[in-house]
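A.B. asks: Assemble the whole structure, with the sequences as input and the hints as a guide.
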Amino acid sequence: MNVEIVCGPGNAAAQVMLGPGEDCTAEAGAMIAMSADMDVQTTTHKKGGGGLLRAAKRLLAGESFFLNHYTASSAGGHLWLATTLPGDMAAIDLGPESLIVQSGSFVACEPGVDIDMGWQGFKSFLSGESVFWLNMKGPGKVVLSSFGAIYPIDVDGEYIIDTGHIVAFNETLDFKISKAGKSWLSSILGGEGFVCKFHGQGTVWCQSHNATGFGRTLGPMLRPRS
Amino acid sequence: MNTEIVGGPAFAHIHVDLEPGESIIAESDSMASMSADLDMVAKFNGGFFKALFKKFLGGESMFVNVFTNNTKGVRRVTLVQATPGDIGSLELDGSSYCFQPGAYICSTPGVHLGVQWAGFRSLIAREGLFRLKVSGKGTVFFGAYGALKQKEIQGEYIVDTSHLVAYDPGIKLRIQLAGGIFSSLFGGEGLVTRLEGTGSVVIQTRSLSGLVGWLNPKLR
Chain A
1 MNVEIVCGPG
11 NAAAQVMLGP
21 GEDCTAEAGA
31 MIAMSADMDV
41 QTTTHKKGGG
51 GLLRAAKRLL
61 AGESFFLNHY
71 TASSAGGHLW
81 LATTLPGDMA
91 AIDLGPESLI
101 VQSGSFVACE
111 PGVDIDMGWQ
121 GFKSFLSGES
131 VFWLNMKGPG
141 KVVLSSFGAI
151 YPIDVDGEYI
161 IDTGHIVAFN
171 ETLDFKISKA
181 GKSWLSSILG
191 GEGFVCKFHG
201 QGTVWCQSHN
211 ATGFGRTLGP
221 MLRPRS
Chain B
1 MNTEIVGGPA
11 FAHIHVDLEP
21 GESIIAESDS
31 MASMSADLDM
41 VAKFNGGFFK
51 ALFKKFLGGE
61 SMFVNVFTNN
71 TKGVRRVTLV
81 QATPGDIGSL
91 ELDGSSYCFQ
101 PGAYICSTPG
111 VHLGVQWAGF
121 RSLIAREGLF
131 RLKVSGKGTV
141 FFGAYGALKQ
151 KEIQGEYIVD
161 TSHLVAYDPG
171 IKLRIQLAGG
181 IFSSLFGGEG
191 LVTRLEGTGS
201 VVIQTRSLSG
211 LVGWLNPKLR
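Which chain is which? The protein sequence lines are A and B, in order. Take 1 as the starting number for the first sequence in the numbering used here and just add one per residue. Take 1 as the starting number for the second sequence in the numbering used here and just add one per residue.
If you are wondering where the hints come from, they were derived from the structure by calculation, not from laboratory data. Treat the hints with care, since some could be wrong.
Listed below are the simulated DSBU-like cross-link pairs for lysine-lysine, each with C-alpha atoms no more than 35 Å apart in a straight line [to be verified]: (1) B:LYS218 <-> A:LYS57; (2) B:LYS72 <-> A:LYS182; (3) A:LYS123 <-> A:LYS179; (4) A:LYS123 <-> B:LYS72; (5) B:LYS133 <-> A:LYS182; (6) A:LYS197 <-> B:LYS43; (7) B:LYS43 <-> A:LYS179; (8) A:LYS179 <-> B:LYS72; (9) B:LYS50 <-> A:LYS182; (10) A:LYS179 <-> B:LYS50; (11) B:LYS72 <-> A:LYS176.
Here are a few chain A residues that face chain B, going by a calculated C-beta distance under 8 Å [said to hold, decoys possible]: (12) ILE160; (13) GLY181; (14) SER186; (15) SER208.
Listed next, with one range per pair, are the computed distances between beta-carbon atoms [stated by the list, open to error]: (16) B:THR3 <-> A:LYS47: 42 to 50 Å; (17) A:ALA28 <-> B:PRO217: 29 to 37 Å; (18) A:LYS123 <-> B:TRP117: 40 to 48 Å.
Using N, Cα and C, we set each Cβ at its ideal position, and we do this for glycine too.
C.D. replies: Here you go:
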């Protein structure tokens, strides 16, 4: 499986090239175009296998209940994947390690990747993200999406990410809810409030914008629903 | 200081690399990520009363954040506006420039932020009663919902209301009908802003009020 992200960061799409007989698992509704001879199977977990509990857990993490498995014919094939909102996408190549993914950001992965729901503790309530996260275990490629542009940060030591700006991070990192700068007063008066302080060694993928922030600006201008 | 605007025009954001001892002043809640050892202090946006004035009249926030690098190495902070859109920068060398409310994102310490009466005409143009005037020496970053285009004008020029982002303070604004009564009412332009003077103006290719106007009839 070969992934190329095009048209980012405004209206990104993932062009997935599959070799003969290769599989790709994608979130329900993510396909925008594909080769006509592609085989599609819909299950709640792995190709050819169910798992209602897994699907229910994924639902909690803001993803679709069903997953689509695309299998290329003997000639190979390609597949275009995209999201509903404008925004960026990223392809991450995982070794035999885990990636913690923000709820709703998962788009597709290779069949070798295991998708499960993760729990990052009560700090998630303050992280500006969903309480439940996805835990994606490699090896294999993973395709993620976000509302803003995605930029990676290599953390060695500590780094601060504002709440609502996390897309994914390596399992080798951990975060705690903290303040920006030295005092809580500054953090609150300066409008930053809580932030996520990461520590350890690894990569965090951030989104430059977040849908919540845009909603807060746009919301008051919209007419109340009758 | 090394700054880089990336992700534009759809999702522009600014990577600011601060050398030891340098600082940058940014609009409240504009930080997306930062090195953990940068110092961040919230300050009144130019004194208590001026800050109050800016919040309630200028559409800006009461507090600004000052990010300072007190370490011995280069540290990065990434700044962004709340809406998707483009970000532009402007070098000030003792000159000044006017911003529409909400356009300001961040600036180097030598830049002064002030609020100026823009007049009732500006209110009718849906650009707010007051405008933000930046002056001094340094770099200032501003953003808008659409992509940004800078245009040098001499004499008169017309910009649709809510598409004006920034302009030279020497330029006067006047609100008028887009054409005659008929074309103004039925041509979809309604009121426009007539700019008079010499200098540069910055316009945005989309406007938030345009999006809102399109969305509202669709909400049931």
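A.B. asks: Each hint: holds or not?
C.D. replies: We went through each hint and held it up to the structure:
About 33 Å separates the Cα atoms of B:LYS218 and A:LYS57, which keeps this hinted pair within 35 Å; it holds. With a CA separation close to 18 Å, the supplied pair B:LYS72 and A:LYS182 stays within the 35 Å bound. Restraint check for A:LYS123 and A:LYS179: satisfied, since their Cα atoms lie roughly 13 Å apart, inside the 35 Å limit. Between A:LYS123 and B:LYS72, the direct Cα distance comes to roughly 32 Å. Compliance with the 35 Å bound is thereby established for this hinted pair.
Taking the CA atoms of B:LYS133 and A:LYS182, the gap is near 31 Å; set against the 35 Å cutoff, the hint holds. The suggested pairing of A:LYS197 with B:LYS43 holds, with an alpha-carbon distance near 22 Å, which does not exceed 35 Å. In summary, the hint linking B:LYS43 to A:LYS179 is supported, as the alpha carbons are separated by about 16 Å, within the 35 Å threshold. Distance check on the hinted pair: A:LYS179 and B:LYS72 sit about 22 Å apart at the alpha-carbon level, within 35 Å; holds.
Distance check on the hinted pair: B:LYS50 and A:LYS182 sit about 25 Å apart at the alpha-carbon level, within 35 Å; holds. For the hint linking A:LYS179 to B:LYS50, the alpha-carbon distance of about 27 Å falls within 35 Å, and the restraint holds. The hinted pair formed by B:LYS72 and A:LYS176 meets the criterion: a straight-line CA distance of about 25 Å does not exceed 35 Å. About 5 Å separates the beta-carbon of A:ILE160 from the nearest beta-carbon of chain B, less than 8 Å, and the hint is met.
Of the supplied interface hints, the one on A:GLY181 holds, with its beta-carbon coming within about 3 Å of a beta-carbon of chain B, less than 8 Å. Hint status for A:SER186 relative to chain B: holds, with the closest Cβ pair at about 4 Å, below 8 Å. The criterion of a C-beta within 8 Å of any C-beta in chain B is met by A:SER208, whose closest approach is roughly 4 Å, and the hint holds. At roughly 47 Å, the beta-carbon separation of B:THR3 and A:LYS47 lies within the given 42 to 50 Å, and the hint holds.
The supplied range of 29 to 37 Å is met by A:ALA28 and B:PRO217, whose beta-carbon atoms lie about 30 Å from each other. The hint said 40 to 48 Å for the Cβ distance between A:LYS123 and B:TRP117, and at roughly 46 Å that hint holds.
This entry satisfies every hint, going by the numbered hints stated previously.
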